[in-house]
Amino acid sequence: MLLDRTQSPSFQAIHEVRLPAVQSTTLANGLPVHLVSVHQQPVMRIECIFDAGTWYENGQAGAAFFAMKMLAEGTAGHSSAQISEYFDRYGAFLELNAGPDRCSVVVYCLTRHLADVLPMVKEMLTEPVFPEKEFEDLRNITLQNLRVNLEKNAYVAGVLFRENLFGKAHPYGRTQRPEVVEQITRTDIAGHFDRTIRNRPFQVLLAGHVTEAEVALVDHYFGSMTFAGSVTDTETLPELATSQPVILAEKAESLQSSIRMGRRLFTRDHPDFFPMLVTNELLGGYFGSRLMKNIREEKGFTYGISSNLISFRHEGYFLIGTDVKKEFTQQTLDETRKEIRRLQTELVPADELETVKNFMAGEFVGSLNTPFEIADRYKLILLDGLPTDFLTNYVANIRSVSAETIAQMATRYLTENDLIEVVVGGK
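One gets my numbering by counting positions in the sequence shown from 1 and adding 120 to each.
Please note that a few of the clues may not be correct.
DEER-style ranges, computed between Cβ atoms [as the list claims (entries may be wrong)]: (1) V300 to V249: 18 to 26 Å; (2) P152 to R318: 12 to 20 Å; (3) A235 to E256: 30 to 38 Å; (4) T246 to E466: 53 to 61 Å; (5) E466 to A133: 18 to 26 Å; (6) N260 to A133: 51 to 59 Å; (7) K419 to T531: 23 to 31 Å.
Just so you know, these hints were derived from the structure itself, not from any lab.
In this text, a Cβ means the ideal position worked out from N, Cα and C, and glycines have one as well.
Based on the sequences and whatever the hints tell you, model everything.
Right, here's the structure in full:
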């Protein structure tokens with residue numbers, strides 16, 4: 121039978137999502153453990169999550185990043201080469217992550233090798249030595265990468281935007297600068313580790329082919345650890361910056377300009393989070409968004425433009441970003457504001473709104489294909505204290521947003537005077 125390619129294939133809109141339940145328990149010492157057990161493949165991920173990110177740096181920018189990266193550079197019993205070879209021997213993959221709020225040690229491995237992997241993970245968390253040579257090597261590599269990035273308009277625009285949004289001294293506004301990286305010392309790194317990770321409670325997230333046997337193994341290695349108490353945020357936070365409305369960093373040699381536009385918003389527990397999420401998607405959240413249709417498809421100013429809602433534990437913000445040829449910079453800014461005004465003054469047509477909701481529902485379901493992706497979604501609930509039905513009601517909350525609500529969101533949160541504009545390159 122020949123296909124009639126003039127007719128779209130039939131589809132069924134997604135209205136409900138059922139997720140595997142997350143199970144929570146505690147180890148012998150009270151350490152919380154969360155399980156997302158999906159027995160698709162004999163693989164698993166163990167993630168140890170600490171309150172040790174930028175928020176807890178005590179003013180020393182980069183301390184969290186270096187403290188985490190140095191965990192694999194040497195312990196009391198193993199060198200960096202031996203640690204690397206140890207994980208390779210069992211086909212395990214190690215990730216050391218430092219973020220705005222948290223740091224994590226993540227290991228992917230075959231479930232049958234968990235008993236072999238856990239001793240090294242525990243050793244890294246309890247006996248790191250932060251060797252001087254490895255620290256100098258890591259610092260030099262970081263400096264080289266940083267100097268390369270500072271030549272890129274897009275990187276500089278992001279730095280200037282966050283610094284202006286929160287303030288250079290604020291944990292969410294602090295960024296790595298060459299002069300700061302050059303000054304950081306091994307003592308600074310060890311101090312951050314001692315204050316936020318060593319003998320501090322953390323949360324364990326197990327995902328994949330996980331059974332009670334794996335939980336018992338984790339209890340065997342981690343359940344006997346003793347803790348000195350939870351991390352206290354000793355840093356006195358500065359007042360949030362009074363943002364400049366427009367920042368222009370001229371670069372005469374640049375052919376392109378990087379544009380960032382946005383404002384501070386709220387976290388995921390705010391009552392306007394879901395309405396604003398749909399508003400963002402319409403404006404610039406996906407390939408068929410209004411900004412893409414206008415600035416990419418109709419005007420041809422850019423290869424891509426997008427908008428996003430970024431949420432941390434304590435703050436959130438809205439961001440529009442794109443790179444354009446320098447002579448199109450002002451036109452791009454004008455067209456962006458025009459699309460925002462359209463959202464404020466014209467109700468979104470029903471078919472366009474339905475398309476966006478279907479896309480968002482499908483994207484959400486598509487992000488739950490593996491147990492690791494499901495675990496990443498559950499982290500939002502477990503670590504940020506969100507309602508237990510946040511994920512199960514995700515699609516319903518999206519579908520409940522009306523065209524009238526979107527106009528209200530755009531008027532309330534996207535007022536032109538409230539948006540910061542950063543341009544690196546020129547107008």
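Now the hints, each set against the structure:
Taking the beta carbon of each, V300 and V249 are about 24 Å apart, inside 18 to 26 Å as hinted. For P152 and R318, the Cβ-Cβ distance of about 19 Å falls inside the hinted range of 12 to 20 Å, so the restraint holds. Hint check: A235 to E256, Cβ distance near 35 Å, so the stated range 30 to 38 Å holds. Checked against the given bound of 53 to 61 Å, the beta carbons of T246 and E466, roughly 60 Å apart, stay inside it.
For the pair E466 and A133, the beta carbons lie near 25 Å from each other, so the given range of 18 to 26 Å is met. Between N260 and A133 the CB atoms are about 54 Å apart, so this pair conforms to the stated range of 51 to 59 Å. Between K419 and T531 the C-beta distance comes to about 25 Å, which sits within the given range of 23 to 31 Å.
The structure fails none of the hints (numbered hints given earlier).
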